[in-house]
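Please arrange chain B on chain A, whose structure you already have, making use of the hints.
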Amino acid sequence: MQRRLRFLLAAIPFGALSVAVPFVNHVEPRIFGLPFLLAWIAFWVLTTPVWVWTLGRIEGHW
Amino acid sequence: MNAPVALGIIAVIVIGTVVFALSSVRRFTMSPQEYIVGGRGFGAVFLWVLLAGEIYTSFTFLGAAGWTYSFGAPAFYIMAYGTCGYIFYYFLFPWIWRLGKEHELLTQPDLFHVRYGSRTLTTLVAIVGVLALVPYITLQLSALQIFLTVSGQGLIDPVLGAVVAFLLIIAFVFITGLRGTAWASIVKDALVIGALLFVGLAIPLQFFGSIPTLFDQVLRAHPDHLILGGLTDSKGSLWYVSTVLLTGLGFFAGPQSTNAIFSAKDENVLRRNAMFLPLYQIVMLLIFFAGFSALLIVPGLKGPAADQSFLAIVSRYYPAWVLGFVTGTGALCALIPSTALLLSSASVVAKNVAGDLFGIGLDEQGRLRTTRIMVVVLGLLALVFWLYYRTQLVNLLLLTYNGIAQFVPAFFFGCYWKRAAAPAITAGIAVGITLAVALSATRIAPFGINPGFVGLAANVLVVVAVSLATQPRPLEEVSAG
Chain A
6 MQRRLRFLLA
16 AIPFGALSVA
26 VPFVNHVEPR
36 IFGLPFLLAW
46 IAFWVLTTPV
56 WVWTLGRIEG
66 HW
Chain B
11 MNAPVALGII
21 AVIVIGTVVF
31 ALSSVRRFTM
41 SPQEYIVGGR
51 GFGAVFLWVL
61 LAGEIYTSFT
71 FLGAAGWTYS
81 FGAPAFYIMA
91 YGTCGYIFYY
101 FLFPWIWRLG
111 KEHELLTQPD
121 LFHVRYGSRT
131 LTTLVAIVGV
141 LALVPYITLQ
151 LSALQIFLTV
161 SGQGLIDPVL
171 GAVVAFLLII
181 AFVFITGLRG
191 TAWASIVKDA
201 LVIGALLFVG
211 LAIPLQFFGS
221 IPTLFDQVLR
231 AHPDHLILGG
241 LTDSKGSLWY
251 VSTVLLTGLG
261 FFAGPQSTNA
271 IFSAKDENVL
281 RRNAMFLPLY
291 QIVMLLIFFA
301 GFSALLIVPG
311 LKGPAADQSF
321 LAIVSRYYPA
331 WVLGFVTGTG
341 ALCALIPSTA
351 LLLSSASVVA
361 KNVAGDLFGI
371 GLDEQGRLRT
381 TRIMVVVLGL
391 LALVFWLYYR
401 TQLVNLLLLT
411 YNGIAQFVPA
421 FFFGCYWKRA
431 AAPAITAGIA
441 VGITLAVALS
451 ATRIAPFGIN
461 PGFVGLAANV
471 LVVVAVSLAT
481 QPRPLEEVSA
491 G
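Residue numbers (my numbering), protein chains in the order written: chain A, 6 to 67; chain B, 11 to 491.
Chain A with its partners taken away, still in its complex shape (with noise of 0.2 Å):
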């Protein structure tokens, strides 16, 4: 259970950046400005250290 939380905790960032990017591959909607594409990656650029912060609290290390 907490084998797979951790596993999970990991690929949903890393799944978002990589194998989900061709069903965000659009212009539309624009956020602040941005592409969606764009903006999609930028935001989980962004969101990344706290699923890292969580994965490293559950661990223990801090």
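If you are wondering where the hints come from, they were derived from the structure by calculation, not from laboratory data.
We put the CB at the ideal spot given by N, CA and C, even for glycine.
Any given hint could be a false lead.
Said to hold, decoys possible - Some chain A residues near chain B, calculated using beta-carbon distances under 7 Å:
{"#": "1", "residue": "F19"}
{"#": "2", "residue": "L22"}
{"#": "3", "residue": "V24"}
{"#": "4", "residue": "V29"}
{"#": "5", "residue": "A44"}
{"#": "6", "residue": "V50"}
{"#": "7", "residue": "V55"}
{"#": "8", "residue": "T59"}
{"#": "9", "residue": "G65"}
{"#": "10", "residue": "H66"}
Just chain B now, with coordinates in the frame of chain A:
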């Protein structure tokens, strides 16, 4: 008439940084441990600076903007892959670091030797790793040449620029070493932030009024530039996915990254960096803005010339001192990573090929001497490569990843699968690298998939198949974490 001003500012920035770095490192004696892995004592902040210095190179500065200019959305992979890399290596960092610490390792092939115990594999990894880094050194060299040529405004031709760049790089390595590199990175990072805010924010705002307007205009003039092409097109969606996977998984697979990992003080320093470094990737947005701005302001640059896109704006519309500031900052972004690249690859040749294989330079002094000679030899190799193969900077980076990503199974299975042994890993790397090189050389990309990724996939299959087909080694021989 402006050239002396711009070149003068580059000289001031580079020399100032070297002096700062030297005044910070003088109190350490330079043993190989100190010179190559920074004495294994880097804390979280210092390691952050070292990694940021190694990763945010002149490629970030020129190559990413150049690709945005030429192709648009495919360049977005550059923001995504590093982040994927941090997530993946969060799991592998501790294993790599622990083996390094326990066995006092200096180089990447040493690591694989401890885990797999095969001289053939160690030598293969040493040679492939060093050769794979040559295009990456060439990338830094040609970027430095671009900065010098653009600032020289006709005074310096490209070949002279490249030779001067080579000499600068060699001098920088000899003077600083890895610890000096980290100190120099502090200066560099401060300047980079300033330069990026200028080219990525001030320029678009001045020319277009706002970022949304910039994108409105790109959309009108180049409607295909903001999304990836069809699924199987060249640089289409499958290309994007395979390239992010290849470069993300390979992000810390190069010999220079293993050295950086060894230089950490403890495992958590590495985990913390894996958590925070993705934030740094967000500055790539500014580079994309700069590339798109250049596309509209100075259209018509083709091939490698596109790498100079935003420099063309700066040199055409801004005073010489601004150009000097931007190119001087860029020059640091080429010099600092070159140091890490050359030092790690030279130390691999000195230790794992000259030392272990031929018995040359076995004591500390001898090792240091061979390392220094190899720095010059590899620098020359990069220069020769530049003379014969001029291409866009991104292509040089991808060439490097075709090679180093083939080590990913050796790391991953080495950590997680005790059954993976030397024959399987050796066969996997051999198959992977052959396939990647053959496909790249013949420019065959099935379904638009990155050739390096095809190699990596074959590599993984071979490792799994051979491991399952051969007897596992008795447990006590395996030193896996």
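Taking the hints in turn, this is what the structure says about them:
| no. | hint | in the structure |
| --- | --- | --- |
| 1 | F19 | 5 Å, holds |
| 2 | L22 | 4 Å, holds |
| 3 | V24 | 6 Å, holds |
| 4 | V29 | 10 Å, violated |
| 5 | A44 | 10 Å, violated |
| 6 | V50 | 5 Å, holds |
| 7 | V55 | 9 Å, violated |
| 8 | T59 | 10 Å, violated |
| 9 | G65 | 11 Å, violated |
| 10 | H66 | 6 Å, holds |
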